[in-house]
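Participant: Sequence:
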Amino acid sequence: MERVSVLCLSLLLCSLSGAEHQDNEIKPEPQPCLSDLHAVLREMSAKLADLMIQQMQTLNQEQNAKLAKNEVRIEELQTLNQEQAAKLKELENQVDTKQQAQASELKSLKTRTNVTENQVESLRRDRAVGQVAFSASLLESGHGTLGPFNTHTTLVFKHVVSNIGKAYSPHTGIFTAPVRGAYHFEFYVFGSGGSPDSRVMLTKNGEHVFIAGETQSNGFGSGSNGASLLLEAGDVVFLHLHANRRIYDDGDHYSTFSGHLLFPM
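Mature numbering (1 follows the signal peptide of the UniProt record, and there is no 0) puts the sequence shown at residues -21 to -1, 1 to 244.
FYI, nobody ran anything at the bench for these hints, they're computed from the structure.
Just so you know, not all the hints are guaranteed correct.
Unchecked claim - Derived lysine-lysine pairs resembling BS3-like cross-links, with alpha carbons at most 27 Å apart:
(1) Lys89 with Lys137
(2) Lys66 with Lys77
(3) Lys145 with Lys89
(4) Lys77 with Lys89
Build out the structure end to end from the sequences listed, making use of the hints.
Facilitator: What follows is the structure, given as structure tokens:
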């Protein structure tokens, strides 16, 4: 385009220079060339316009080609972005799946831990309630004879040797079962000879179970008995001194009452 412009200017200058040269020469009459110049200019303008159109078309094609390349690049970038987004989504899903698996495993672990803790606590409770045993003798100190009384009388064994689980009361003489289970009891009766003799009854919830006693004309004698009983929690066991009977004890602890839990049920 610049070349065409320069060419047009050169032709114009040449025409003007020729006209000036003809003016300097001595001629009788000047020859007019303005129409020829206009024709040349029109031809040059037409060629210049065609050339500009061609250059614009070429430039437009180049820009279209560049635009097409940019569109292809944009599509490639969009595809790459979609692939990266898909990979990111897949990674997020993997992370979510892993987190869910870890959360599930943690929940399962907590459940197993709670079960274990409950089992340990249950074992502790079973061990605690399973530790039930007592043994006591009749008189806390000194010596003496109790009875006779005109009714059955609960014997209170006051000298406690052991009372594991605190199920026996040295104030009332009553054993109270802390849990349902099998219990074993033993009792020993000591008495002096003569009348009345000694007789003691093992009693469960006020009902007679077994009896022990001694009878002889002089001196001292003893009797014993025992029983294994199925007790519900809260059942009571104690010893009754039979009406019109007596029992002896002293510092050697002849008359005793003992019991323990065999196993809970």
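Participant: So, against the hints stated earlier in the document, which numbers end up violated here?
Facilitator: 1, 3
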